[in-house]
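Novice: Listed here are the chains, written in short residue letters.
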Amino acid sequence: KAGVTQTPRYLIKTRGQQVTLSCSPISGHRSVSWYQQTPGQGLQFLFEYFSETQRNKGNFPGRFSGRQFSNSRSEMNVSTLELGDSALYLCASSFPSGSGDEQFFGPGTRLTVL
Amino acid sequence: GENVEQHPSTLSVQEGDSAVIKCTYSDSASNYFPWYKQELGKGPQLIIDIRSNVGEKKDQRIAVTLNKTAKHFSLHITETQPEDSAVYFCAASEGSNYQLIWGAGTKLIIKP
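First to last, the sequence lines map onto chains Y and Z. Each step along the first sequence adds one to the number in my numbering, with nothing skipped, and position 16 is 244. Each step along the second sequence adds one to the number in my numbering, with nothing skipped, and position 13 is 22.
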């Protein structure tokens with residue numbers, strides 16, 4: 229079974245631009261979560277989508293948005309990029325069966341904002 | 010909401026020795042506590058998890074213990090090997106909304 233894939237793997241943008249990241253979950257998984265990872269900050273939860281609906285949202289500004297398609301693929305968009313948005317963005321998929329399910333992570337997209 | 014604290018931030022042990030990483034959580038309703046390992050250039054991968062109705066769980070050289078009264082859980086790695094070098098994250102579920110709250114991570118260094 230193929231793992232979680234994320235595209236692109238690396239991205240360089242300048243301040244003020246916008247960016248769209250893509251995540252393809254494991255086949256059959258209906259939940260996709262997005263995280264921002266910066267050195268020393270661990271994983272900061274952005275949002276989770278389940279069956280095309282945002283089910284949970286972290287404490288990030290409205291510049292961060294996402295969506296999920298009917299095939300469970302998900303995209304994350306960041307508008308008006310700031311230098312502080314430079315980070316590794318991880319997505320994780322799971323097949324929710326209740327509270328507490330293994331999340332399978334992709335390799336991440338490394339975003340650099342200049 | 011849930012808050013998870015993880016200690017230490019860096020742990021250096023001699024190969025063959027044991028390593029222990031500790032996490033505390035604040036929400037007494039949390040019922041799921043996974044541990045993930047992140048190797049360089051990769052996403053985190055689940056290595057072991059425990060639910061609130063269990064006090065301890067083992068998988069070969071890895072074990073996790075949970076103390077619900079004190080609201081803390083720990084990862085124990087015995088007979089450490091070079092391939093154990095990585096960043097380890099603990100997490101706790103936030104009530105019933107499926108969201109995981111993560112610790113800040115521990116960089117484990119195995120010295121040869």
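In short, the hints are calculated from the structure, not lab data. Be careful, since some hints might not be right.
[Unchecked claim] Calculated cross-link-like contacts (lysine-lysine; reagent style BS3-like; alpha-carbon spacing at most 30 Å):
#	chain 1	residue 1	chain 2	residue 2
1	Z	Lys120	Z	Lys67
2	Z	Lys51	Z	Lys31
3	Y	Lys285	Z	Lys120
4	Z	Lys120	Z	Lys66
5	Z	Lys31	Z	Lys120
6	Z	Lys67	Y	Lys285
7	Y	Lys285	Z	Lys31
8	Z	Lys31	Z	Lys46
9	Z	Lys67	Z	Lys51
10	Z	Lys80	Z	Lys67
11	Z	Lys31	Z	Lys66
12	Z	Lys51	Y	Lys241
13	Z	Lys46	Y	Lys285
14	Z	Lys120	Z	Lys77
15	Z	Lys120	Z	Lys51
16	Y	Lys241	Z	Lys120
17	Z	Lys116	Z	Lys46
18	Z	Lys116	Z	Lys66
19	Z	Lys77	Y	Lys285
20	Z	Lys77	Z	Lys67
21	Z	Lys51	Z	Lys66
Note that this is a predicted model, so its numbers are computed, not measured.
Novice: Please go over all the hints and tell whether each is borne out by the structure.
Specialist: Structure-based check of all given hints:
1. Among the hinted pairs, Z:Lys120 with Z:Lys67 is consistent with the structure: their alpha-carbon atoms are about 24 Å apart, no more than 30 Å.
2. Note on Z:Lys51 and Z:Lys31: the hinted pairing holds, with a Cα-Cα distance of about 23 Å set against a maximum of 30 Å.
3. The hinted pair formed by Y:Lys285 and Z:Lys120 fails the criterion: a straight-line CA distance of about 40 Å is larger than 30 Å.
4. Proposed proximity of Z:Lys120 and Z:Lys66 is supported: the alpha carbons are some 27 Å apart, at most 30 Å.
5. Restraint check for Z:Lys31 and Z:Lys120: the C-alpha separation of about 20 Å stays at or below 30 Å, so the hint holds.
6. A threshold of 30 Å between alpha carbons decides the hint, and for Z:Lys67 with Y:Lys285 the separation of about 33 Å lies outside it, so the pair is violated.
7. Restraint check for Y:Lys285 and Z:Lys31: the C-alpha separation of about 27 Å stays at or below 30 Å, so the hint holds.
8. Distance check on the hinted pair: Z:Lys31 and Z:Lys46 sit about 14 Å apart at the alpha-carbon level, within 30 Å; holds.
9. Restraint check for Z:Lys67 and Z:Lys51: satisfied, since their Cα atoms lie roughly 25 Å apart, inside the 30 Å limit.
10. The suggested pairing of Z:Lys80 with Z:Lys67 holds, with an alpha-carbon distance near 19 Å, which does not exceed 30 Å.
11. Straight-line distance between C-alpha atoms of Z:Lys31 and Z:Lys66 comes to about 15 Å, which keeps the hinted pair within the 30 Å bound.
12. Taking the CA atoms of Z:Lys51 and Y:Lys241, the gap is about 22 Å. The hint holds against a cut of 30 Å.
13. Our distance criterion of 30 Å between C-alpha atoms is met by Z:Lys46 and Y:Lys285, whose separation comes to about 24 Å.
14. Distance restraint check for Z:Lys120 and Z:Lys77: the Cα-Cα separation of roughly 33 Å exceeds the 30 Å cut-off, and the hinted pair is therefore not satisfied.
15. For the suggested pair Z:Lys120 and Z:Lys51, the alpha carbons sit about 22 Å apart, so the restraint of at most 30 Å is met.
16. A hinted pair counts as satisfied when its Cα atoms are at most 30 Å apart, and Y:Lys241 with Z:Lys120 does not qualify at roughly 39 Å.
17. Straight-line distance between C-alpha atoms of Z:Lys116 and Z:Lys46 comes to about 10 Å, which keeps the hinted pair within the 30 Å bound.
18. Our distance criterion of 30 Å between C-alpha atoms is met by Z:Lys116 and Z:Lys66, whose separation comes to about 22 Å.
19. A threshold of 30 Å between alpha carbons decides the hint, and for Z:Lys77 with Y:Lys285 the separation of about 27 Å falls inside it, so the pair holds.
20. As the CA atoms of Z:Lys77 and Z:Lys67 are separated by approximately 18 Å, the hinted pair is consistent with the 30 Å bound.
21. Between the alpha carbons of Z:Lys51 and Z:Lys66 the distance comes to roughly 26 Å, so the proposed pair stays at or under 30 Å and holds.
Hints 3, 6, 14, 16 from the list above are not met by this structure, while the remaining hints are.
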